[in-house]
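Chemist: Got chain A sorted already, so can you dock chains B and C onto it with the hints?
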Amino acid sequence: MNKVLAIAGVVVKELYRRKDFYVLFVLTALITMLLGAVNFFNDPKIVRYLKEVCLLLIWVSTLVIAVVTAARQIPAEKENRTIFPLLAKPVTRWQVILGKFAGCWLAAGIALLLFYLFFAVISESRGGTAAAGAPVTAAASGPHDHDAHAEEAHSDDAGAAAPARRALLTYVEALWLHWMMLAVVIAMVLLGSLIFAMPASNATIQFIVIAGILLLGEHLNKVALRQVEPLQTILQVLYFAIPHLEWYDLRDFIIYDHPPVALWACALATLYAAVYALVFLLAAWLVFRRKGLTT
Amino acid sequence: MGDVIEIKNLRVEYPGRNRAEPARLAVNGLTLSVRAGEVFGFLGPNGAGKTTTMNVLLGFVNATGGDAYLFGVNVREPIARQRIGYLPELTYYYKFLTAEELLRFYARIFGLPRAETDRRIDSLLKLVELDAVRRRPIKTYSKGMQQRVGLAQALINNPELLILDEPTSGLDPLGRMKVREIIQRLKQEGKTVFFSSHELGEVETVCDRVAIISQGQLREEGRVSDLVAKYRCDLERVFLKVIGYEPQPAN
Amino acid sequence: MTTASPYAWLGLLMTVSFSLACTLQPRVVSWRERAGSGDLIKILLGEGRRLFANHFFIRADVYFHSGYYPSIFDQADKPAPTALAGAHDHDAHTADEHERQMAFLGEPRDWIERFGRHFRITEHTHLTGGGEREILPWLKLSAELDPQRVQTYTVAAYWLRTRLGKVTEARDFLREGLRNNPDSYEILFELGRLYHENEHDAVRARNLWELALRRWNEREGRKKAGEQDLFALEQIAVRLARLEEAEGHLARAIQLLELARRASPHPAALDAQIAELRAKMSTAPGK
Numbered sequence: 001m002n003k004v005l006a007i008a009g010v011v012v013k014e015l016y017r018r019k020d021f022y023v024l025f026v027l028t029a030l031i032t033m034l035l036g037a038v039n040f041f042n043d044p045k046i047v048r049y050l051k052e053v054c055l056l057l058i059w060v061s062t063l064v065i066a067v068v069t070a071a072r073q074i075p076a077e078k079e080n081r082t083i084f085p086l087l088a089k090p091v092t093r094w095q096v097i098l099g100k101f102a103g104c105w106l107a108a109g110i111a112l113l114l115f116y117l118f119f120a121v122i123s124e125s126r127g128g129t130a131a132a133g134a135p136v137t138a139a140a141s142g143p144h145d146h147d148a149h150a151e152e153a154h155s156d157d158a159g160a161a162a163p164a165r166r167a168l169l170t171y172v173e174a175l176w177l178h179w180m181m182l183a184v185v186i187a188m189v190l191l192g193s194l195i196f197a198m199p200a201s202n203a204t205i206q207f208i209v210i211a212g213i214l215l216l217g218e219h220l221n222k223v224a225l226r227q228v229e230p231l232q233t234i235l236q237v238l239y240f241a242i243p244h245l246e247w248y249d250l251r252d253f254i255i256y257d258h259p260p261v262a263l264w265a266c267a268l269a270t271l272y273a274a275v276y277a278l279v280f281l282l283a284a285w286l287v288f289r290r291k292g293l294t295t
Numbered sequence: 296m297g298d299v300i301e302i303k304n305l306r307v308e309y310p311g312r313n314r315a316e317p318a319r320l321a322v323n324g325l326t327l328s329v330r331a332g333e334v335f336g337f338l339g340p341n342g343a344g345k346t347t348t349m350n351v352l353l354g355f356v357n358a359t360g361g362d363a364y365l366f367g368v369n370v371r372e373p374i375a376r377q378r379i380g381y382l383p384e385l386t387y388y389y390k391f392l393t394a395e396e397l398l399r400f401y402a403r404i405f406g407l408p409r410a411e412t413d414r415r416i417d418s419l420l421k422l423v424e425l426d427a428v429r430r431r432p433i434k435t436y437s438k439g440m441q442q443r444v445g446l447a448q449a450l451i452n453n454p455e456l457l458i459l460d461e462p463t464s465g466l467d468p469l470g471r472m473k474v475r476e477i478i479q480r481l482k483q484e485g486k487t488v489f490f491s492s493h494e495l496g497e498v499e500t501v502c503d504r505v506a507i508i509s510q511g512q513l514r515e516e517g518r519v520s521d522l523v524a525k526y527r528c529d530l531e532r533v534f535l536k537v538i539g540y541e542p543q544p545a546n
Numbered sequence: 547m548t549t550a551s552p553y554a555w556l557g558l559l560m561t562v563s564f565s566l567a568c569t570l571q572p573r574v575v576s577w578r579e580r581a582g583s584g585d586l587i588k589i590l591l592g593e594g595r596r597l598f599a600n601h602f603f604i605r606a607d608v609y610f611h612s613g614y615y616p617s618i619f620d621q622a623d624k625p626a627p628t629a630l631a632g633a634h635d636h637d638a639h640t641a642d643e644h645e646r647q648m649a650f651l652g653e654p655r656d657w658i659e660r661f662g663r664h665f666r667i668t669e670h671t672h673l674t675g676g677g678e679r680e681i682l683p684w685l686k687l688s689a690e691l692d693p694q695r696v697q698t699y700t701v702a703a704y705w706l707r708t709r710l711g712k713v714t715e716a717r718d719f720l721r722e723g724l725r726n727n728p729d730s731y732e733i734l735f736e737l738g739r740l741y742h743e744n745e746h747d748a749v750r751a752r753n754l755w756e757l758a759l760r761r762w763n764e765r766e767g768r769k770k771a772g773e774q775d776l777f778a779l780e781q782i783a784v785r786l787a788r789l790e791e792a793e794g795h796l797a798r799a800i801q802l803l804e805l806a807r808r809a810s811p812h813p814a815a816l817d818a819q820i821a822e823l824r825a826k827m828s829t830a831p832g833k
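Chains as they are written, first to last, in our numbering: chain A, 1 to 295; chain B, 296 to 546; chain C, 547 to 833.
Keep in mind the hints are simulated off the structure, nothing from the lab.
Among the clues, some could well be false.
To be verified - Keeping only pairs whose Cα atoms sit at most 16 Å apart, straight-line, the calculated EDC-like set for lysine to aspartate or glutamate is:
1) A/K13 - B/E396
2) A/K13 - B/E395
3) B/K390 - A/E14
Stated by the list, open to error - Facing chain A, according to a computed beta carbon distance under 8 Å, are these residues of chain C, among others:
4) Y609
5) D656
6) L682
7) P683
8) L706
9) K712
Said to hold, decoys possible - Ranges between beta-carbon positions, derived for each pair:
10) A/I205 - C/T561: 47 to 53 Å
11) C/R721 - A/L27: 34 to 40 Å
12) C/V574 - A/I110: 43 to 49 Å
13) A/I242 - B/N357: 29 to 35 Å
14) C/L597 - A/I242: 27 to 33 Å
15) C/W577 - A/L278: 55 to 61 Å
Backbone N, C-alpha and C define an ideal beta-carbon position, used for all residues, glycine too.
Next comes chain A alone, as it looks inside the complex:
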């Protein structure tokens, strides 16, 4: 374990000594603050669009950090020949894979934490938690009985504390599940780095796959039903085989002040992510251990 953590520590040091994270963070902050300064119909209380844009930038930035960092780990070690002094030590290839994974994941987690802290500051500065959240009414009552239902919707809350606690739990869940998703992504990219020749091609393919899963993953079964065989079977197999990364996207829950996800569902999603990450890491190890490295 010490060896794994040692390798992970080097990965974290590398990420924070490169400019990637700082550039992305500054860009996110700049764009968010610029958008926050825009006046829409002289209403300073509008906050959801800002949350959405900020969270989108956070997602894009952390995915870029995770994919680019993971994609270059082992290829860069081979190209820079730093893999040889490392493997000449009493360390197994499994420990190298695990160490690289742990380092990338930890680094991504620290980046996530900083991004979400920034988001929380921006959101709170606009009064964006449930303390000032947009009231809703169940549509079944009709869209026009709004005043009565708005009061009713708020009457269950015991003051401002309960909505604030609920919002905090939603934030924590969103951060946790986002981090779990990055675990799957990093493991997938590490496997890709051992299969594809160039880090750039690995990163490009992974971005396309990840975007495809996030946008289309949950709809593949609907699309499959409209197809003829054998495409229907292929799509259904794909639907069940891919890691459903869209489960880990709780942005809507934050933007729309939705109640948090049940903790047991979060726990199961965490287990699902752990299983997929382990599968990808094991596959990476199986590929890596057979690779001859010539000095």
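Modeler: Structure of chains B and C alone, referenced to chain A:
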């Protein structure tokens, strides 16, 4: 003490890049042993199989046939590398780390305690004369300084066996002399040194025994003095005769 | 040959860049005029901006439903829901119809879909009590990208004046819409509603609705019977009729109700109102 390095009938075959290209036999039935406490020179022309043999010993490449052992442990086991140090020919280390951070990292891989790590880092950086620049990133170092960092990392675990791949390649005469001094000091401490080199003059000076391989096979092995006596010439001519090179007479 | 001094190179580069700027400036102005807008983004996007404008309008609807919205795959068999636009035309848009449109989720087909529903919004809600402000940025953006999309102005103005108490902003936005779409009877009608319901200025409201009626005749009158926007005609005619009735101009009110009756899918209700007005006219002293 038994053999530190034991190679038995080693065979390494690299597959062809496609079906039309035949497999390439890099090492063919090599049998070799290195005893504890000796300085052993591993010689051969380019493409002879020296690097491949070293790669097998270090676990970078799996042998197609035969076996290799370090301290009696099969080289496929990572624990076999617990008591060795390795200095590659081309020295590249994590450029974003400082020399101190790099040594601390490798010390942690070996599982050295913190206090012991601090003590060894201090003494090694003094030995390789990098104490003044220990907190500068390695990317700011010259080639010679990077080579010295490499030597320091090879010694971080106080290894009983040091494997050096062309240790004086690219060094100036002062650098080469310092490496020779370190090898001799290690020998005096009872360590075993196994290295490959093209500097036969150096090999003749420091080595106890040498092995000469060519086209993946062992051609000659023995004490330097015995080989020189046997072929009645210096080590360089011994080398050329063993690999089958006949110099052209000058017109 | 001596190397030119760096200052000479600097001077040369500055001269070149100023010359380029002077040469390009008139061209940039002509590009803007051709695009019909001074906005660089609109020039760059070209006609694709209408796609973005539509996307942002739908985004506003998503916000109105607090994220509960069908994807394009859910909408494959069904028309897109229209609560955002429909809420302000609530006479024709019933809650039941909207509920049917929004019941797109159905039973989950497999365990993945069932589990995945824990991580998506599955509750059908509408923003209320001032929360409607959250849709405004998307409507504003949609209008910026496609100023000819009339519905954006009318929908935004509706929410601004009826739920958010921003009558001035609503009026300004409608006027902006009118500048970009001078022949739009929809915007004229909505502006009339603003003056009537919020500013209680019956004179202005009548003028605007009369103008809206004229614009409707000019635009829709040329179309074939099945293609005309009869709903808008009924809306304008009925409101104008109510105004005329309130002012005591019963004959004009009846005329307008008869016009509305020809456009209405439910003429029976209007028949009853016409009969009531006729009765009132016959009993009124000195008619």
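Chemist: Each hint needs a verdict: does it hold in this structure or not?
Modeler: How the hints compare with the structure:
1. A/K13 - B/E396: Holds: A/K13 and B/E396 sit about 10 Å apart, inside 16 Å.
2. A/K13 - B/E395: holds, 14 Å
3. B/K390 - A/E14: Given pair B/K390, A/E14 holds - Cα atoms ~9 Å apart, limit 16 Å.
4. Y609: Holds - the Cβ of C/Y609 comes within 8 Å of chain A, reaching about 6 Å at its closest.
5. D656: holds, 6 Å
6. L682: holds, 5 Å
7. P683: holds, 4 Å
8. L706: holds, 6 Å
9. K712: holds, 6 Å
10. A/I205 - C/T561: 47 to 53 Å: For A/I205 and C/T561 the Cβ distance comes to about 48 Å; the hint holds.
11. C/R721 - A/L27: 34 to 40 Å: Distance hint for C/R721, A/L27 holds at roughly 37 Å.
12. C/V574 - A/I110: 43 to 49 Å: Hint holds: Cβ distance 45 Å, inside 43 to 49 Å.
13. A/I242 - B/N357: 29 to 35 Å: holds, 33 Å
14. C/L597 - A/I242: 27 to 33 Å: Given a distance of about 29 Å, which is inside 27 to 33 Å, the answer is holds.
15. C/W577 - A/L278: 55 to 61 Å: For A/L278 against C/W577, whose Cβ atoms are near 56 Å apart, the range 55 to 61 Å holds.
When each numbered hint is compared with the structure, no violation occurs for any of them.
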